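Residue numbers (my numbering), protein chains in the order written: chain A, 1 to 492; chain B, 1 to 103.
Take these hints with a grain of salt, some might be off.
Under the rule of at most 20 Å between Cα atoms (straight-line distance), these lysine to aspartate or glutamate pairs were calculated in the DMTMM-like manner [stated by the list, open to error]:
| no. | chain 1 | residue 1 | chain 2 | residue 2 |
| --- | --- | --- | --- | --- |
| 1 | B | K102 | A | E117 |
| 2 | A | K101 | A | E117 |
| 3 | B | K27 | B | E37 |
| 4 | B | K100 | A | E117 |
| 5 | A | K159 | A | E12 |
| 6 | A | K157 | A | E117 |
| 7 | A | K300 | A | D363 |
| 8 | A | K300 | A | E161 |
| 9 | A | K101 | A | D26 |
| 10 | B | K102 | A | D107 |
| 11 | B | K91 | A | E161 |
| 12 | A | K32 | A | D107 |
| 13 | A | K370 | A | E485 |
| 14 | B | K27 | B | D94 |
| 15 | A | K159 | B | D94 |
Covered, in the sense of this in silico footprint (three residues per stretch, anywhere, with C-beta under 8 Å from a C-beta of chain A), are these stretches of chain B [claimed, not checked]:
| no. | segment |
| --- | --- |
| 16 | 11-24 |
| 17 | 79-90 |
Everything labelled a hint here was simulated from the structure, so no lab data went into it. Quick caveat, the model's predicted, so the values are computed rather than measured. Cβ atoms here follow ideal geometry from the backbone N, Cα and C, with glycine treated the same way.
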Amino acid sequence: MDYSQFLVMSQELGLIAVFLLVFLFDTFAPRKALSATAPVVCVLFALFTVVNLLLPCCCCGSCTVEPQSAFGGMYVTNQALFTIKNILNVGVLVVLIQSIKWVNGPDQIMRRGEFYELLLVTLFGMYLMMSSRHFLTFIIGLESASLPLAAMVAFEKKKYESHEAAIKYLLTALFSSAILLMGVSFVYALSGSLYFADIAASSLETCPLLVVALVFVLAGVGFKLSLVPFHLWTADVYQGAPTSVTSYLSVISKGATAIAAFIIFALAFGEFYSEVWHWMLYAIIILTITIGNLFAIRQKNMKRFLAFSSISQAGYIMLGLIACSPAGLTAMMYYILVYIFSNLAAFGVIQAIENNTGKLSMDDYNGLYKTNPMLSVTMMLAMFSLAGIPPFAGFFSKFFIFRAAVEPGTTALYVLVLIALINTIVSLYYYLLVVKAMFIKPDEPVIARFRSALSERIGMWICVAGIVILGLASCFYSDIAAAVESGFNSLL
Amino acid sequence: MELEILKYLIPALIMFCCGVYGFITRKNMIAILISLELMLNAVDINFVVFNRFLFPGQLEGMFFTLFAIALAAAETALAIAIIVNLFRAVKNVDVRNVNKMKF
């Protein structure tokens, strides 16, 4: 066996190295040094992120990663995948920074190393999931991304809600992976191979078994993405999980799964079968955006509110899949980048307030502007960006994804985008409810003035900078587009 | 040949449907977990049968089954751990008691 092919997985190997360092530090470091666990992990991961960003430029001289494959084509890497992994790295770094205060809290301090280890393993699973070109590696990636997450959801040992959320998450995740596996077994029966390329090349005729298989695969992926008929776990899990885990779950996990879903449906079930799943996805997108929005309006708990908002955002992300083109993938990646900053800014504020006062209800935010103006402005920027108000990043991500979705030019897609647009206006209402609570509603007792921890402030500053810079400059879009252009044809 | 493969596929399908039915109707969390195992095992049978009867020249389905069994074991271990934690909090394993967060 040629062991040098492992070098193709340089990003995964780097991540495993970080994981091992964290593990060794957590196990063998002297007790005094352990109090520095959180900063050490953040610095290590920041180094990893920076090295990943700079590596292609320094090593190869050119700024693009050559498309390579390993393990008989089960694993591939190219510029597009490299870029999306870097985007996720930045998001994870922000999550790590924001979680420092919570991790050092009295209930977690004994087990803080485990939090980081589990998180890095899930990230490894997501990497693998996106890079896989064979259903076996895809399933392994998907499971190693979702199983440790259940343990992370159950992390607050003394809080009952944490366990309830974990059992709900785990049972629905298992159910969905069983359905996904059943679908994959039918695909195997039809095409005789589990390679995405072979499945696409076998160009089967549309038969009932193929339809069942695609429904099962779409349902299994839809569960992980919380698309609407399969979304019922989302709000409970988001509410019960520790806020750091919720932010990780809503941004990184969702983004990685969306990209993986794009790769499966574009590569394995692309050209020949798209008429089978196209209309299913069409209906699911409409349902996801609409129902996510309508349920978000009546939420009072901030985390539940953001859960429903993230359901409808998942619908918008899926608009990139229905286009099934390089522009669709680019728009999806850009959307995920913007979504990372906007959602993490919102979760950063929620986390700061929860850590300092323990309050999570939207009514508690009444009159927040008077006591904590910086937090209020951050939250306002996040809400504006999520709603898609022009000067901020969210507007451009929505713009690009709508443009990518109507590119094929059929009437049905225009109708779909019209529905999505109307829903954007609905979403504006409930995002502004939060802003209204903070700025307009007078209320006693107001949350007292407090100064959030340095780590929380750094996290929020990064997010605010991301929202504003991406909004004013939209600078990364052309980079991502170039990466996808160079990578899309070699995705197989 | 066709009858031969049905002998294996129909039990697998029945197992899968029993699993789905059990997952939806059972109130005991351990029973739900058993239902999930039924579903996953039905998938394993499917893969092996498809490989053995339809594509006897290759081993892809068999390998997939091996990995699926390992995944199912990992999933069960984690689920049991979380159920034990939950049991400490509510003193039983009835899903009807796990309903604090709703709507």
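Structure-based check of each hint:
no., hint, in the structure
1, K102(B) <-> E117(A), "violated, 31 Å"
2, K101(A) <-> E117(A), "holds, 17 Å"
3, K27(B) <-> E37(B), "holds, 16 Å"
4, K100(B) <-> E117(A), "violated, 30 Å"
5, K159(A) <-> E12(A), "violated, 34 Å"
6, K157(A) <-> E117(A), "holds, 17 Å"
7, K300(A) <-> D363(A), "holds, 7 Å"
8, K300(A) <-> E161(A), "holds, 17 Å"
9, K101(A) <-> D26(A), "holds, 18 Å"
10, K102(B) <-> D107(A), "violated, 26 Å"
11, K91(B) <-> E161(A), "holds, 15 Å"
12, K32(A) <-> D107(A), "holds, 18 Å"
13, K370(A) <-> E485(A), "violated, 48 Å"
14, K27(B) <-> D94(B), "holds, 6 Å"
15, K159(A) <-> D94(B), "holds, 18 Å"
16, 11-24, "holds (count 3)"
17, 79-90, "holds (count 8)"
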